[in-house]
Amino acid sequence: MPAMWHSTFILVMVLLAISRPSLASQARTEESQGTGNATEHTITTLPIVIWKWEEIHFPYLVALWVLVSWLCKLVFQQNPCLTSVIPESGLLICIGWVLGGIIYGADKVQTFRLQPFTFFFYLLPQIVLDAGYSMPNKLFFGNLGAILVYAVIGTCWNAATLGLALWGCWLGGAMGDIDTGLLQLLLFGSLIAAVDPVAVIAVFEEVHVNEVLYILVFGESLLNDGVTVVLFNVFNAFVSLGGAQIDAVEIIKGIISFFVVAVGGSLVGVVFALLITLLTRCTKNIQIIEPGFIFVLGYLSYLTAEMLSLSAILSCTFCGVCCQKYINANMDERSVSTVRYTMKVFANGSETIIFVFLGISAIDPSIWVWNTAFILLTLLFIFVFRFIGVFLLTWILNQYRLVPLDFIDQVVMGYGGLRGAVAYGLVLLLDENTYKEKKLMVSTTFIVVYFTVMLQGITMKPLVTWLKVKRAAVAERTLAEKLQNRTFDHMLVAIEDISGQIGDNYMRDKWNNFEEKWLYWLLMTPFARKSCDPIFNIFHKLNIKDATSYVKEGERRGSLAFVRNESKADVDFNKKFDADFSEMMPYIMTENMGPDHVPVSSILRDSVPSVCLDMHEQDLKMRESEDFDAHHVLQQHLYKGRKQHRHRYSQKHLEVSKDEHEVQEIFQRTMRSRLESFKSAKMGVAPPKISKHLKKDQPQKVREDYVEFSEGDSASGCEAAGSSFPMRAYRGAGIVNPAFMAEMDTMDPMPPMQQIPSWLAEAEVDSSTVAPSQRAQLRLPWTPSNLRRLAPLRLSTHSNDSFLLADSPATQEGISEPPPPPPPQDGQGRGTHK
Amino acid sequence: MGASQSARTEHEFQDLADRTGFSLEQIGNLNKRFRQLSKNEETLSRQDLASISALDNNPLRAQIINAFFDKRNLRQNEAGTVQVIGFEEFLMVMSHFRPAAMHITEEEREKLRREKLRFLFNMHDTDSDGTITLEEYRRAVEELLSKAGTIGQETAKAIADAAMLEVASTTRGKMEPDEFYEGITFENFLQILKTFDIETRMHVRFLNMDTATMRCGK
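Protein sequence lines correspond, in order, to chains X and B.
For the record, in the first sequence the residue sitting at position 402 is 402 according to UniProt numbering, with numbers rising by one throughout.
For the record, in the second sequence the residue sitting at position 167 is 167 according to UniProt numbering, with numbers rising by one throughout.
Among the hints, a few may not be true.
[To be verified] Listing some non-contacts, in silico: residues in chain B with all C-beta distances to chain X over 10 Å:
| # | residue |
| --- | --- |
| 1 | Asp15 |
| 2 | Ser23 |
| 3 | Leu24 |
| 4 | Thr43 |
| 5 | Gln47 |
| 6 | Lys71 |
| 7 | Thr81 |
| 8 | Val84 |
| 9 | Thr105 |
| 10 | Glu107 |
| 11 | Leu112 |
| 12 | Asp127 |
| 13 | Asp129 |
| 14 | Glu166 |
[Claimed, not checked] Computed from the model, here is a short list of chain B residues facing chain X with C-beta under 10 Å:
| # | residue |
| --- | --- |
| 15 | Arg33 |
| 16 | Ile52 |
| 17 | Ala67 |
| 18 | Phe69 |
| 19 | Leu74 |
| 20 | Ala162 |
Source of the hints: derived by calculation from the structure; they are not laboratory data.
Given the structure is predicted, the values throughout are model-derived calculations rather than measurements.
Backbone N, C-alpha and C define an ideal beta-carbon position, used for all residues, glycine too.
Here chain X stands alone, though its shape is the one from the complex:
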């Protein structure tokens, strides 16, 4: 398998190597050339096909690059043993080297290079937006103080110490003869100070450290990018001003601008988050582009901040962080998953591309300037000062933290200081005329990135294991835990109130109250307000899971009526709570145990669902039983009318038509086919007319008919045994309803059906002449023996089995009494529904 991929790879690479042009630089020239060529060529004869490479080569190359990067990723995922040792980011860089080597070998010059503009405007935004959007909010805001300390003070510390230390070494003459200065070194320090979110996410997601540690490293890496960019801009301005011009005023201005840029960027993000949320309040009718709004506005928040020279990264992050909760509640569930997946596709895609390009760009002798002292000292200082910074800041934070960070966490934090693409993007932005040593800085940045991503990335996992860092619990929160969690929050607030303190819990409670009172009202649709409660959500999910397993179980047993068949196998709460038996029973019965299709349809329709006490037990059993594909099950059980899935081929609407007539038609067809299958079973012959008709319409239907026959059989059997005839809320094309069997004769020959389609009407006449006797039909379910036969019957497509089945009850004639006729109001109720 991998071998095959490798060959695919090489093919693609060869293709790329042949094509030769560069990604960005030639784009503009090509454009003009393209138009030039068109006018140049005078057509002498009509060409059948023309080679139009020049016109499309730029988008073509971009697409190819994406493809190649993703293929690399695919190859890694095929070899889990490889990724368990080397983190993916490291592998991608290696691939980049190989690709770069091939290109360089073919071209003798490196034509592909990651341009800062491409990086900052096309690759970075989606990563940042995704990071913000999928940020665990509570954790993030709970640790925001610590994160800010690390991100702001920590980054400044790293930048300043590195710059100063390098300057000291330079003054001491350790680096030989290089043309630089304090400001330039400080600038270099600031650009390389930031821990890179891309690298950190890539490594830490694979290690699963505990959540506090994760959020600290991750949050820091995200926010300090903003800080670095600001620092970079400030120092860049200082350098161009020149050392002599800088006085106290300029420095103070720099500090002010630092805060303005950071805070302003965050505010822009919050404003855009508000906009997105308000928009999603009213996008209900255009669900197709609903997810698009999130991306466009998220991107706009990035661009707007950049336009105002505020911190774009911070803006985008906060946009994602602030809007996630509300948009997830406001939007349709499908849109939410669309956003989630698309976001991941974009982020993961550009992450891959970034790492590959980080590798490729390095294979170019023209950018390399080697200065051993400078490079090694930078590496050393970065490593050492990162640790010192983390220890120092943690020590200060621990004075205030309730749960102090222990030594091991600090080591991992320090070690997790991976540098990445942001540093590279920034260093490329430097102006070569001002910075004589730009090449050296670029080379050093490469080395630093490689060193941290490769070496530290590879050793991170063993280190975490070796130090026994507390790992994250991967398990999902259960409902009971969620409830305890909520209890817990309220309890802590209460204790704070009683002990008269204003603590974190107090603040959080106040915020929650405010949010519930005002923000929900402002930002959420009334419907969403209800469903945004996490407890309700998890409960809702549980219910859906139950419903699915319920249907699965039904499928496994061949009938959805199994609940009534085997009610003894359920956990019986009622036994214990005799007292509230009467109070509890009705709602369990009507809501859950009663009509077959309620757990599916009512929950999906999102009425207030209530738990079915039987379900979990079924669920447990299901785990052992073989796994059915729920979709398949639903497909088989939900009737499809001839026209039911008629899509309107429009870009605006994607919905299944739910026409009244169709619903009715489905209903009739259900009855029709049931009757036919029953008849065939009874008579032992397949009805010629109908089967022909069915074949014409839906050939597979014949087989299904027998399945349904068995269902109806067992269902009506136990129904009669219980002598209860639960009211069925028949509405639309639901699950095949076994009750129709018993009811058939009351409506025979179905005069009330209006608008029978002509093709059905033909069969109608036929059926009325050969209609099975009422007694035989009713008696059928009464044989206890026929239940045993259900399994073989279910699988068979031959009428022989059903013949046997239908035959056996005939022998028991007279023993059984006729079941109670369906209550009249039942028929009426259904009549009104039609």
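For chain X, the structure is supplied; the task is to place chain B on it using the hints.
What follows is chain B alone, placed relative to chain X:
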């Protein structure tokens, strides 16, 4: 305040500090708060706690207040409730919310965890019989969700049932058809919350500095 009296309280506080693990300043602060709540009486009654206006919006208000008067939480191994509590008892209850020390051994951590969970458990187990029955659990959940507004009582009940079933299925595994689950015992409770790092979360910041003056009108 005479010198002899302050010396006495000093001594008492030292004694309390040894037993509850609070620092002397924290005890001093809590003592001030206690006096404030009890209106300078020696004992605190339910009404005193119920009159804290900040608690009005707390759905668990009644449960929390009960917890203060529950003998099980007062580190006495007996069930039942008391009508009034003194400062010592007040501190005892509060000490459940003390953050864990930085360096503790694994056993100590486990012990702490059990203690904290026991407090939570007792809050649900209103009749002190050692199990949280469905009845009790439902009431607790209903109360908890009563302030959420969007969730009705019926739903709350259903949620309680679902959670109970979840507990039953995680703690018992597969149940026999005629078996029934009589309620959550403490062992079950430990089991379902085993990933819940309560020892690092169930705590309140007891400041060393005097905050009683910062909150007026209580």
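**Asked** Which of the stated hints cannot be reconciled with the structure, identified by number in ascending sequence?
**Response** 14, 18, 19
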